[in-house]
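*Asks:* One letter stands for each residue in the lines below.
2 protein chains.
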Amino acid sequence: MPTLLTPPVDANTPPNGVPKVAGRSAFAPIAADIAEADRLFAESLAGYRSPVAPLIQHLRHYRGKRLRPALLLLTAKACGGVNPHHHILAAAVEMIHTATLVHDDVLDEATTRRHIPTFNAEWGNKVSILLGDMLFTQAFHITSRVDRRACELIGGATNRVCGGELKQVCNRGNWHLSEADYFDILDGKTAALTAVCGRLGAVYAGASEDVADKMETYGRCVGLAFQIADDLLDLTGDEAKAGKTLGTDLEEGKLTLPLIHALNTLPSTAADELRHLIRSDRPDKRRKVAEVLTRTGSLAYAKRAAEEFGRQARAALADLLPSECKHILEQLTDWSVKRER
Amino acid sequence: MPTLLTPPVDANTPPNGVPKVAGRSAFAPIAADIAEADRLFAESLAGYRSPVAPLIQHLRHYRGKRLRPALLLLTAKACGGVNPHHHILAAAVEMIHTATLVHDDVLDEATTRRHIPTFNAEWGNKVSILLGDMLFTQAFHITSRVDRRACELIGGATNRVCGGELKQVCNRGNWHLSEADYFDILDGKTAALTAVCGRLGAVYAGASEDVADKMETYGRCVGLAFQIADDLLDLTGDEAKAGKTLGTDLEEGKLTLPLIHALNTLPSTAADELRHLIRSDRPDKRRKVAEVLTRTGSLAYAKRAAEEFGRQARAALADLLPSECKHILEQLTDWSVKRER
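If you're matching them up, the sequences are chains A and B in order. Note that the numbering used here gives residue 56 to position 56 of the first sequence, counting from 1, and the numbers run on in steps of one. Note that the numbering used here gives residue 58 to position 58 of the second sequence, counting from 1, and the numbers run on in steps of one.
Everything labelled a hint here was simulated from the structure, so no lab data went into it. Careful, some of the hints might be misleading.
Since the list gives no way to pick out one identical chain from another, each pair is judged satisfied if it fits inside one copy or across any two copies.
Calculated cross-link-like contacts (lysine to any residue; reagent style SDA-like; alpha-carbon spacing at most 25 Å) [said to hold, decoys possible]: (1) K254 x S50; (2) K285 x E109; (3) K20 x H61; (4) K254 x G23; (5) K254 x W123; (6) K338 x G80; (7) K241 x N264; (8) K241 x L101; (9) K254 x N125; (10) K288 x G64; (11) K288 x V18; (12) K254 x E122; (13) K303 x E43; (14) K254 x P54; (15) K254 x A53; (16) K254 x A121; (17) K288 x R60; (18) K65 x K241.
On a predicted model such as this, the values are computed, not experimentally measured, just so you know.
Taking the hints into account, I'd like the entire structure generated from these sequences.
*Replies:* The following block contains the structure:
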């Protein structure tokens, strides 16, 4: 059972999408630690029998590049070393991320994920909602093996993730969303979990509060850069290269940074025309929107914002002693800004 | 803001459905403590602004008799006294219960709860799923104010609740569910939360491990008795008296104790006929099923099972010193078995 969710971990053939540094997986130095976190993840769910067991098995299709456990473990190693607390916490953050994916697929009515049927497509929304709930609660339960502070940090971060997602859904179709509200949503739904990965990696490696603060800043800024790059990709990326459907933010009524910038920059008549275009069902809508965003400098504005968060993330690493993992964390700031998916 | 979710607490006019002992609300001795837990519940959600704030306000319609906080606080008082840890934990268990109600209404496609539109009816399934997630995570976050053990107990219990619900949904339409599997589901979805209320009340009142074990048994047995009585009500109760739609377990493909007993007792041909009847859409199905269950002694069997759990719950209280709250906990065992809703 412990290997149920553990696909082969091999530093030379990293899972799809894992960034490379100097020609090999950026996660190679922590491959054994990720494998241990995977083992704890699987072990904590191994008690379920039929008819629940097939769901647990299907979970392996939801596991991607393990970016959040990797951030936590690389930070730990750069701050002093990985220990068993880190493995538990890495399993917990991956479980929380997985729970949000299971619920996201219900929210988005998605039928496939990585070319495999989603839980909702295969077992229906009811099973998916309860499976996500079970994963959230299991994550908290395993976190309680560590200490009160870990529960506080993970509880607080996860609450901000869910609060951010709730704010986002409540603002769907709000074509007047402010930049401040956009960043408030982003800070919750994406950056709270990457930020806590940085802090947890540092705290449980015995780092000072000052270093822990900086590693939290690192995680937050990487998360923000990553999400802004993702939002840009959704507007201007190439579907074949990205390997997923793009333009979904527009379809779902989500305003992202380039659009918010354009709506704030354009004279009010032109801004209303842009709102009209966004809500239309013109077949060339995505191209037309991109044209406007290029003309207003809004794509460049969002790109600069992502790069600025990348710079802030890199700056937060300045005090760490030189090491392989510090170097990888630095490289990840570039990857988060430039990634094609 | 702190009073947002706090309807008037008045020992003489308890919320609908609160049991009475000696003519007044069974929760009267802890009314101020329930009010304090309500205040903490509201305070922890007070930071949300528009457009999320109306959801937080609507939550007050989801709050019923506060059975779980009351169990926790009455146990605390019977074991030595209520302190601020208990208020936080009472708020947390009520928040978890509320999260399950919000998600249950999505699962059941319910449009009203206590004559008020459900979240899913008013804001849609997406908002409801994320609101439930946010409440689960907020409950864990406030629990972390107490200590590691509280996080472990609440994390473990909530995980069993969600696991039990998941098993139940995965077994919908399984007309061969065993009695052992039925009790396994019940032990999770209903009894795990009432059991942990008993344990938390005792532990944080400074009770010994032995007393804490007994209070957990008390909570578990009350929860089991309550749920079996509820399942019986669904099959044989009077809708007008119960104030809700009955017969829903049959419609949703859920086998409960009386049916499992009948299917195990009847010769196989008659058992298949009963399965056929359950799956039919005869207008007189509920009455016909009740007739079979009376003939096989299955209603009496389930009633005895509920009474036996009531007796076990009462026995678990034996070592407590006499007090008003001990007396109320004893009376609640009768109420949980006999209740009309």
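*Asks:* Decide, hint by hint, whether the structure agrees.
*Replies:* Structure-based check of each hint:
Taking CA atoms no more than 25 Å apart as the test, K254 paired with S50 passes between copies only; the shortest distance there is 17 Å, against 39 Å inside one copy. Taking the closest pair of Cα atoms, K285 and E109 come within 25 Å of each other only inside a single copy of the chain (22 Å); across copies the shortest separation is 35 Å, beyond that limit. In this assembly of identical chains, the alpha carbons of K20 and H61 lie at most 25 Å apart only when taken from the same copy (22 Å versus 52 Å across copies). Taking the closest pair of Cα atoms, K254 and G23 never come within 25 Å of each other, the shortest separation being 37 Å inside a single copy and 55 Å across copies.
In the homo-oligomer, the alpha carbons of K254 and W123 lie at most 25 Å apart only across protomers (17 Å), although the nearest pairing inside one protomer, at 28 Å, exceeds that limit. In this assembly of identical chains, K338 and G80 lie within 25 Å of each other by CA distance neither inside one copy nor across copies; the values are 29 Å within and 61 Å between. For a Cα distance limit of 25 Å, the shortest separation of K241 from N264 qualifies neither inside one copy, at 31 Å, nor across copies, at 59 Å. Proximity of K241 and L101 under a CA criterion of 25 Å is satisfied intra-copy only: 22 Å inside one chain copy versus 43 Å between copies.
Taking CA atoms no more than 25 Å apart as the test, K254 paired with N125 passes in both settings, with 23 Å inside one copy and 18 Å between copies. Neither within a single protomer nor between protomers do K288 and G64 lie at most 25 Å apart by alpha-carbon distance, with minima of 33 Å and 52 Å respectively. Proximity of K288 to V18 under the C-alpha cut-off of 25 Å is found in neither arrangement, the shortest distances being 32 Å within a copy and 61 Å between copies. For the identical chains of this complex, K254 and E122 are inter-copy neighbours only, at 21 Å across copies versus 27 Å inside a copy, given an alpha-carbon limit of 25 Å.
With identical chains, the CA atoms of K303 and E43 are never at most 25 Å apart, being 42 Å at best within one copy and 39 Å at best between copies. Proximity of K254 and P54 under a CA criterion of 25 Å is satisfied inter-copy only: 20 Å between copies versus 34 Å inside one chain copy. In this assembly of identical chains, K254 and A53 lie within 25 Å of each other by CA distance solely across copies; the values are 20 Å between and 36 Å within a copy. Taking the closest pair of Cα atoms, K254 and A121 come within 25 Å of each other both inside a single copy (24 Å) and across two copies (22 Å).
In this assembly of identical chains, K288 and R60 lie within 25 Å of each other by CA distance neither inside one copy nor across copies; the values are 39 Å within and 46 Å between. With identical chains, the CA atoms of K65 and K241 are at most 25 Å apart within one copy only, with a shortest distance of 17 Å there and 55 Å across copies.
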